[in-house]
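The task is simple: from the sequences and hints, build the whole structure.
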Amino acid sequence: MLTINQLSFYFGDRAIYEEASLQIKPKERIGLIGANGTGKSTLLRLIVGEYTPDGGSLSKAKDCTIGFLNQDLLSYESEESILKVAMQAFERPNQLQARIDEILQKMETDYSDALLDELSNLQAEFETLGGYSIQAQAEAILEGLGFQTADLKRPLCEFSGGWRMRVMLAKLLLQKPSLLLLDEPTNHLDLPSIEWIETYLQSYEGAVIIVSHDQDFLNNCCNVIVEVWNGKLDRYSGNYDFYMEEKALRAELQQKAYDNQQQKIKELERFVERFKAKATKAKQAQSRVKQLEKIERIEAVDNGQATMSVRFRFRQPSGKVVAELEEVSKSYGDLKILEASEAQIDRGDKIALIGANGKGKSTLLRLLAGTEAFSGKIQGGHNVLTSFYAQHQLESLTLSNDLLEELRQHSSDRTEAELRTILGCFLFVGDDIFKKIKVLSGGEKARVALAKMLLSESNFLLLDEPTNHLDMFSVDVLIDALQKYEGTFVTVSHNRYFISQIANKIWWIEDHRIKEYPGTYDEFKEWYKKREEAQKELLKEARKQDKTAQKVATPQTAKAQHNGVSQEERKEIQKKAKKAEKEAEQWEAQILQLEAQAKQVEQRLAEPQNLADPEKMQSLSKQYQDLKTQIEAATQNWEDALAQAERLLQM
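Our numbering applies: residue 602 is where the sequence shown begins, and numbers increase by one.
In short, the hints are calculated from the structure, not lab data. Being a predicted model, the structure only gives us computed values, none of them experimental. Honestly, I wouldn't trust all of these hints.
Below, a list of computed lysine to any residue pairs in the SDA-like style, where the Cα atoms sit at most 20 angstroms apart [claimed, not checked]:
1. Lys1130 <-> Gly956
2. Lys626 <-> Val649
3. Lys1046 <-> Ile1023
4. Lys951 <-> Pro918
5. Lys877 <-> Ser888
Cβ pair distances, simulated, as ranges [to be verified]:
6. Gln864 <-> Leu1000: 48 to 58 angstroms
7. Gly762 <-> Lys895: 52 to 62 angstroms
8. Gln1201 <-> Ala1244: 26 to 36 angstroms
9. Asn824 <-> Ile899: 28 to 38 angstroms
10. Lys978 <-> Asp1014: 29 to 39 angstroms
11. Gly650 <-> Gln1231: 44 to 54 angstroms
Quick reminder that beta carbons are idealized off the backbone N, C-alpha and C, glycines included.
Structure below.
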């Protein structure tokens, strides 16, 4: 599908790639990993042709189409609804629809055969391309990515950057390119949407290259891992867990080979050194020299990662209760976030605040930080010193400062040596500390903001998406620091691996209340699954009880009120009433059956393999509409039967 052969690319004097090669095969789902700054996003831009290689080549098959999701799409503006923006993916069906509409308008006054023939041909092509199901496809993908049905008609310009990125992702998925390039897609997705996109990508018909630092996402989506390392592209045929095991095995074998070769080299060098001056051994010594020259040297194992050791300390411990929320309510106009909510944070709590976007997670962090107004009461505990890390803090860094100046302004009582040590903990060494903030990458800015938090020596940390922009190595270092941290923290994160490693309590917002699970994320997932199953059983039982109550109902009261009706007439009325009730029950059973069928078809409409098949989508859409029509008719019959039974019982 696409071949990268001996690729070389430079930024100034710095080599990003040197004679790197890689072959991308159809249907492969590749996770592209590596430390920040190694050139992952650069490789995607080379593939789409935004950058030109300095050496080597990239060649693709003639029928290979490429879709690229990148951070530049955040700035895309449009007054059109998000549904229409997503449906721009269907370029040819949209052109056909526009022409069909134009012809239909002309035919109000022009009945020529030419127009009729053109209309017939256009409609045939439109149907062949699955034009009648494209809106259903777009709606299914947008709702899978977290949009509510009511949102679909809202203009794109009303949404924040993260939500716009989802619309762009939906548009790409609808285009179904044969090679899909995704640059950090999970940065703008919440947990439900991440799980949906994982399911979608698992059965995606084309090939996919994903740049991501989310280990769970890579494990669930990818069957190949490619590591950008030392200007090369190292391929591993498995998911991220396989990569970790295989890389360790390769490193072990390489180290053994290196050690053996070094031993052999030393023996040869000792022989040469010992006998080069002896005439009787000169020929042999010269032979050993030639052997040394011919040896292809094996490199020592080097993972390329500097040691980064971070430890969050605090000046003094807090009281037992860090914060107590009483009757806390928060709204934005008609949008209710919290209502009379209660919660308590105790010393040593390591809380992960999870859930879908829009539920108020970041808002709750701001309430705890005291940066936003609310009603109710949040009582801070004794000796609590709070520090708040959020994405907006990256924007608040002074771009004209160098790293040392930025930290000095934040903590003027520290010596330069202390500040250098702290920057060194975050991999800024040597002349790096004199870099201007404006030239740093997103990940480097995130590390500077974390370094500033470290200087605060707070005993209560509020962390809003701290792993965004951090590579996997930095995430692991942050995990280690938070595991060792003896204070208290609340973090918002969609990185499942991260929260599974650091949290001892899980919070989420449900029905405008703060809910708490006192355990790890893995324990919470198991409990939540069981809770959902139990709720379904309770709902099923409640429906059974409702039906039983309806059957037990008797017309005795109605009969007592109409003593003027003869006994024979009462029996006939009761007979007709029972018949009407039986009809109502039959219609109700049919409605439940039809609704179950409609639900199954609705689920099939959202399945990726069906979305990729226009004929299947057209068939399913027709089936779904037929079922809806049948449900409406059955509901009307059920209501009529109930009304007839009620009239008869009142006679």
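Hints versus structure:
1. Restraint check for Lys1130 and Gly956: the C-alpha separation of about 15 angstroms stays at or below 20 angstroms, so the hint holds.
2. Straight-line distance between C-alpha atoms of Lys626 and Val649 comes to about 17 angstroms, which keeps the hinted pair within the 20 angstroms bound.
3. Restraint check for Lys1046 and Ile1023: satisfied, since their Cα atoms lie roughly 15 angstroms apart, inside the 20 angstroms limit.
4. For the given pair, Lys951 sits about 15 angstroms from Pro918 by alpha-carbon distance, which is consistent with the 20 angstroms threshold.
5. About 10 angstroms separates the Cα atoms of Lys877 and Ser888, which keeps this hinted pair within 20 angstroms; it holds.
6. For the pair Gln864 and Leu1000, the beta carbons lie near 53 angstroms from each other, so the given range of 48 to 58 angstroms is met.
7. At about 58 angstroms, the CB distance of Gly762 to Lys895 agrees with the hint of 52 to 62 angstroms.
8. Remark: the range hint 26 to 36 angstroms for Gln1201 to Ala1244 is upheld by a beta-carbon distance near 31 angstroms.
9. In this structure, Asn824 and Ile899 meet the distance hint of 28 to 38 angstroms, their C-beta atoms being roughly 30 angstroms apart.
10. Take Lys978 and Asp1014: their Cβ atoms lie about 34 angstroms apart, and the range 29 to 39 angstroms holds.
11. The given range of 44 to 54 angstroms is respected by Gly650 and Gln1231, whose C-beta atoms sit roughly 52 angstroms from each other.
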